[in-house]
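Those protein sequences? They're chains A and B, same order as listed. Here the first sequence stands for residues 0 to 766, numbered as in numbering that gives the first Met the number 0. Here the second sequence stands for residues 0 to 1149, numbered as in numbering that gives the first Met the number 0.
There could be a bad hint or two in this list.
[Unchecked claim] The following label-pair restraints were derived from C-beta to C-beta distances: (1) A:151 <-> B:737: 54 to 60 Å; (2) A:259 <-> B:647: 30 to 36 Å; (3) B:832 <-> A:252: 52 to 58 Å; (4) B:737 <-> A:337: 50 to 56 Å; (5) A:307 <-> B:737: 46 to 52 Å; (6) A:51 <-> B:665: 34 to 40 Å; (7) A:151 <-> B:662: 54 to 60 Å; (8) A:140 <-> B:647: 25 to 31 Å; (9) A:151 <-> B:832: 53 to 59 Å; (10) B:662 <-> A:337: 52 to 58 Å; (11) B:665 <-> A:397: 55 to 61 Å; (12) A:715 <-> B:662: 57 to 63 Å.
In short, the hints are calculated from the structure, not lab data. Glycine residues also receive a C-beta, built at the ideal position from the N, C-alpha and C atoms.
Listed below are the residues making up each chain.
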Amino acid sequence: MATYLEFIQQNEERDGVRFSWNVWPSSRLEATRMVVPLACLLTPLRERPDLPPVQYEPVLCSRATCKAVLNPLCQVDYRAKLWACNFCFQRNQFPPAYAGISEVNQPAELMPQFSTIEYIVQRGPQTPLIFLYVVDTCLEEEDLQALKESLQMSLSLLPADALVGLITFGRMIQVHELSCEGISKSYVFRGTKDLTAKQIQDMLGLSRPAVPIQQGRPLQAPEQPVISSRFLQPVHKIDMNLTDLLGELQRDPWPVTQGKRPLRSTGVALSIAVGLLEGTFPNTGARIMLFTGGPPTQGPGMVVGDELKTPIRSWHDIEKDNARFMKKATKHYETLANRTATNGHCIDIYACALDQTGLLEMKCCANLTGGHMVMGDSFNTSLFKQTFQRVFNKGLNGEFRMAFGANLEVKTSRELKIAGAIGPCVSLNVKGPCVSENELGIGGTSQWKICGLDPCTTLAIYFEVVNQHNAPIPQGGRGAVQFVTQYQHSSTQKRIRVTTIARNWADAQSQLQHIEAAFDQEAAAVLMARLGVYRAESEEGPDVLRWLDRQLIRLCQKFGQYNKDDPNSFRLSESFSLYPQFMFHLRRSPFLQVFNNSPDESSYYRHHFARQDLTQSLIMIQPILYAYSFHGPPEPVLLDSSSILPDRILLMDTFFQIVIYLGETIAQWQKAGYQDMPEYENFKHLLQAPLDDAQEILQTRFPMPRYVHTEHGGSQARFLLSKVNPSQTHNNLYAWGQESGAPILTDDVSLQVFMDHLKKLAVSSAA
Amino acid sequence: MSVNQHTHAGPPYGQPQPGYQGYQQPAYGGQPLPGVPHTQYGAYNGPMPGYQQPVPPQGYFPSLGFPSKGSPVSLNSDTSLAPNFIGSVRALPTSGAPPPASGTSLPSGHQGYSQFGQGDVQNGIPTSTAPMQRPPASQPFLPGSAPAPVSQPSTFQQYGPPPSSVQQLSNHMAGMTIGSTSISAPPPAGLGYGPPTSVPPVSGSFSATGSGLYAPYTASQGPPPPSVPQGLPLAQPPFSGQPVPTQRLPTEVPGFAPPPSSTGIGPSSYPPSTGAPRPPPMPGPPLSGQTVAGPPMSQPNHVSSPPPPSTLSGPHPGPPMSGLHGPPPPTHPPQPGYQMQQNGSFGQVRGPQPNYSGAYPGTPNYGSQPGPPPKRLDPDSIPSPIQVIEDDRSNRGSEPFVTGVRGQVPPLVTTNFLVEDQGNASPRYIRCTSYNIPCTSDMAKQSQVPLAAVIKPLATLPPEETLPYLVDHGESGPVRCNRCKAYMCPFMQFIEGGRRFQCCFCSCVTEVPAHYFQHLDHTGKRVDFYDRPELSLGSYEFLATVDYCKNNKFPSPPAFIFMIDVSYNAVKSGLVRLICEELKSILDYLPREGNMEESAIRVGFVTYNKVLHFYNVKSSLAQPQMMVVSDVADMFVPLLDGFLVNVNESRTVIASLLDQIPEMFADTRETETVFGPVIQAGLEALKAAECAGKLFIFHTSLPIAEAPGKLKNRDDKKLINTDKEKTLFQPQTSFYSNLAKDCVAQGCCVDLFLFPNQYLDVATLGVVTYQTGGSIYKYAYFQLETDQDRFLNDLRRDVQKEVGFDAVMRVRTSTGIRATDFFGAFYMSNTTDVEMAGLDCDKTITVEFKHDDKLSEDSGALLQCALLYTSCAGQRRLRIHNLSLNCCTQLADLYRNCETDTLINYLAKYAYRGVLNSPVKAVRDSLINQCAQILACYRKNCASPSSAGQLILPECMKLLPVYLNCVLKSDVLQPGPEVTTDDRAYIRQLVTSMDVAETNVFFYPRLLPLTKADVDSDSLPAAIRNSEERLSKGDIYLLENGLNIFVWVGVNVQQALIQNLFGVSSFSQISSTLSTLPVLENPFSKKVRSIIDMLHLQRSRYMKLIIVKQEDKLEMLFKHFLVEDKSLTGGASYVDFLCHMHKEIRQLLS
């Protein structure tokens, strides 16, 4: 274990866990003084091709309140065939199947390298995956056509035995029955009326089995699947049917008069989709995939009226409390999302429109259920098409990169308590001894439900050290955390992944340097950012920024080396050196800044920020900038205006956008056509290089980023200019006219100013 | 009960006798009663007795007398016609013997007789008589008939035989006419006929057996017990015999009370033996006795004021009446008058006992006569609808009815005639209860004659008549009066050289628009008078401008939406498949505007059970799409484009859909249905398409599924005859009324086809249909095999018939009267505009007028009915009908220009609406009361003075009692145990939209003796009266009432006929479940089938064919339609009712 960096990386690769602190302060008081809470980023289903799942059930601690899973940290008495739970210290008998264990014949779960292990359990019937398409038909002809093609294409990507269903909506909602021959049949609902699940099921004729039950039980078993299959059919059986049906799909026929928006009943459509699955396949992996091309304009969940002259709410309206539909709509979708989560289904939102589509109100549907949220300009763009295609990507071992209905349980040793989690999950409200009263994120529980997740889905889990200062932990003591994730694998198997980790305790007073050295500033940045975003979602923006600033200052005060009131003396150790910079960019990021972003965009960005893993999150916070020039191989450069040089090509990855920017000179060359001249083939290669790299990123990223190819002076260059640190602006004239970089026309402070200010505040004795 | 017995015993035979005797007596009685008559009578009486003594003559006389009476009638302005009729009739019969007349006369004779017979019946004990007749008829006949049972004709002839009688008759006739004893004449005619009818009664009895006729005589003799047999054998003998009896009677008279009674009984009972028992019953009848009103009979004659028609009258029932009187008249011309009285006396006659005791104490005189006739009224002597219809047909059927003259009474609805529009609307469009309106409201109130017009704005015209011309007045729209907005019509007066016109309704002067100006000729007529339909015709159409359209937008072509119940019952019965199959072809026959290539009407399809299924049948689809709407609580239309389509464009998709619907629901187990949402769905669809239209809903069961408009089974027969009975007719929820309002606002007309297997609450389900101007068709216990044809024919006709949408009708009238009440299938949001979502060519609106000022005789009264509607091609039009009526200051004029059929139409609708709010009993009473008042007013103000015991009916209203009785006995007002609540509600709504022709045949069904049909001609056999005694066991009859056709087969029908008609070899093999007659290649079968086809063509609905075998279970049902008989449910027989009516009138007069 050479460095903490390696340790951290190793741990991440093995367990999918990154802690903000890798040595834990041993008392509550000290922990709070650390400023950055003890927390981790957990990627529960991190891909582990090297980890073959075991085909048996985990062994659980017999204490009813514990039920921790046998793990390598447990003490085992091989002779007595006993094991002691490392969380509650309960001594447990091994089950009979373990009779043969010994020091040399250990089951996998006891081996240290299997701190993360996956069990396959055979429980209950296996139901195929379910995909319910909810399709908006209030689209332009082109869009609809493109969407139809995408949907038809997707049928070939689905698992062969998956069940598919189709709901289309516009002014009305149609639930299509897929099993009928000769005539296409659909149930139609009006878009203005909210219906309870019971009503929906009655109206769809799903509640009918009640009658057969009375008549005779034997009949009932076969009855059930028959009923539900009217709307959800195995894709291999009806793909022709469904392809035709999709082919015949028409734009919503109701006339839209001049100056009006089409009436779009997204709210009820979703409600029906939720109700349909609720009635037929509760607690089975299912995806509701909503494709919408505009804001809901009627019925429950409407976001904007149908008068075009009234624009959809903006941040300005929201601040002025002028968004009249927002609260109601949000409530509607929240209710739906919670129901969906309860049923273990997830909702994807694919929103493609030039204007906003109401993601702000609908975001919880995806956020709470672990569904995807994709925002694009049109269904007729590769952004949507490829993103959608990627939903059905397969992982390294040829399995779909999706899992359903996960239940994440966290167990801690007694010095720790669970403060909460932030991520695409909902609380299961399981109280327990290890649940803290202080909440960070979604707290008050030791279990969360993640209805839809993929190998990248990452949760931030916050802990609280509860050990009292006067009850020191013995030297060398270790705190342990166990993550138990039960989920439905894409193969429909039920699996349990167990990760057990332990970290050393350290006394913050005597061993601060250890703690300091074990600080994971990347994880900490992301964890703090999540907290910030989580607060921003629920509180006012400026407060969050102030909170972040204060935290940063406090951190600097705690871990900085300085002389009082002498900013120039301020130093930060290496393990903290990047953190202020992350915070600087985070403050400017769309996750906390709503300026220049629509509410929908903010929701979209925040959605992804709250579920991506650490690497992606960092990219989001501080985009990566590569420079391509004749001066050398491509190199990462500072995200700074000074990096914008005329003879460079820049490639910026903000996660959401890939921007290729041709410097002024390069752009002129390109216009002059040098790349086409054989003698300038190197120029051609130079132009090509960032494209190739961009392509590589595009191939792997989900959702597919917006791809921007621009040049000096191009209008789209704004994407780059808005991200770089404005080290040169029209304000600092001293830099004006210099050869280095391009000035940014902004009033934003530059990193330099930010740091100066930070130092000043950190060393200030007044603070 | 006792009465009934009596009737049984004597009626048939007895009747005739009674007639004779009774008449004579009546005559006497009659005399005594009225002072005037007395004198005359007195004189007569004198003669009478004398006659009687003369025996032979008398015998004839009676018969003759009747005619004579008739003649007297004729003499009187009122009666004159009748008398003539009578005379002829009698003459015929009697003369029948005489070679010349007999041939032709026979038929007439029959009628006449029959009429007489009726008359007798009445005379006898009204109620009892009828029944009496029947049973007795059969019985007596058998015995009596033995000799000459074979053919009726023969019997007639027998009567005829007595040449002497003939002469006498003629004498009588002469006398009658001469006598001009206006008074006597009339009554006699009526009543007298009755008696004379004795002969007819015979016919009645004949029906049973030829002998019947004789029997009657015998019966008459019967009273004199011995004679019976005689009667049978020889016509003359009987007569002679009769006279004798009469003589006896007189003698008896003294003994009077007893004898008469006995006699009366005897006659009625005919069998003398029975006579004894009868007496008691007689008492029962007493009332009838009073009602005996027999006199009433005479009145009818009176009614027939037109003396000239004497010839015409011949056929009329009137004659019979006179016939009775005849007896007396024979000797003395004046007698007729007596006869009239006699009628009264008849009353006494039967009543003899009662009468004597009561009303006609003075009568002892007649005693003698009464004694003999004592019986009840002879059914043949009371006014016969058949006769009236036949007369009108022969008198008015040949010439076109030219509408130019103001206040003309058109021919009866039963008469085939052509109309020539010369300024007034054809009676096919408008008929009035009276064509002469009282000038003041006082007069109107006094008469109690309702002033109403029955308007059928889109009536179908025969091909010989031209449709209303379409007039286009250009962009400014039709020229109208500035003040009352009446439309330009022939009655507008152009003044000031044609620059202005004065409104004929409100007298306001309006500037003639420049583009419409035209010079006047020297008569003040516009030069272009004949070029402009609106100036020269009574009916025409205007092209409406956009101002007349909803939302100021020209309407889109209407749509038809077919909504099919696909619940278990509908599927299982094969109904769904049937409908789908039929729709495939029927869609090619949607109504088209005149010359258009294809119909502009679009179609849509919906199926439903507990949920609704809409279908997208857009032409571009490869296959139809089904859209299920389960949210029935909040109905909406799930699609816009593709729901309503052009049939030709979407032909293949529609065909595919109709193929698949039965398959899709073949295995359904859904039994519950909704209904409210179905209509809502159709309404919403039309709204979405912004057009008017019609829903065709095929529904099977009570909508109990959870949904708006859900109903519960509230059928409760215990409510009948209670104050709560009205709730059975009221909708159980206001939901449908509100829905109807919305439908009307959108122009959404609902036609309902019901196929119930149990109660489905027609009263509630029909609300929307009713208020939107739609039609209900009901096929209880629908079975594919038997009801298929009927349903499909109805459906075809309903789909194809001409229809207007989104209609508003307004009736404007001259100042002085005002349309105050409306009856029919429509909705009214204010007091003047009749709104109908749809109005087809069969729908009729009855409008009642009341005075709000005085009218003047000079200017008369004008009606203008303006109907604004959207044609089936989506053209907005105004159809205008104008009618000018006379005004009168004399009540007599009013009564002279009435139309009973129209009156009945009004009264029926009035009563049928009344049951919604009042107990049925009260409704019945008020009907009777009103009619009594009408007749009493006539009697008091118009009829020449006569005995109070006489029933005097206005000629134009002489059928009022019989028809009214039919209305009172109808299922709605007097339900039998087998009549379901749904049936009553159904009938109630049905009648409300009926026109005059339909109500006429509905209430007084047409009964045709098929075996009498001439297989070589196109004509229908002459109808006979609706009484069982008219039926002969050896014949086959057809009865139709617009809803059903019964084919009644007597037990003694020749095998050959059965073979020819049914294709089976014997009576017992005839299946009573046949719904059509087998197609057999023989003249008889062809003829019968062609008759049935012809009848179907005349009716707006395809009638259900029911084969009834005599003495079979179904016969009960059939008998229900023999409306002149006492009904099983307590409905009075014609005779009884007439007597009752008479009593009522007398009460009013006193």
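**Item:** Violating hint indices (sorted, rising)
**Value:** 1, 3, 4, 5, 6, 7, 10 and 11
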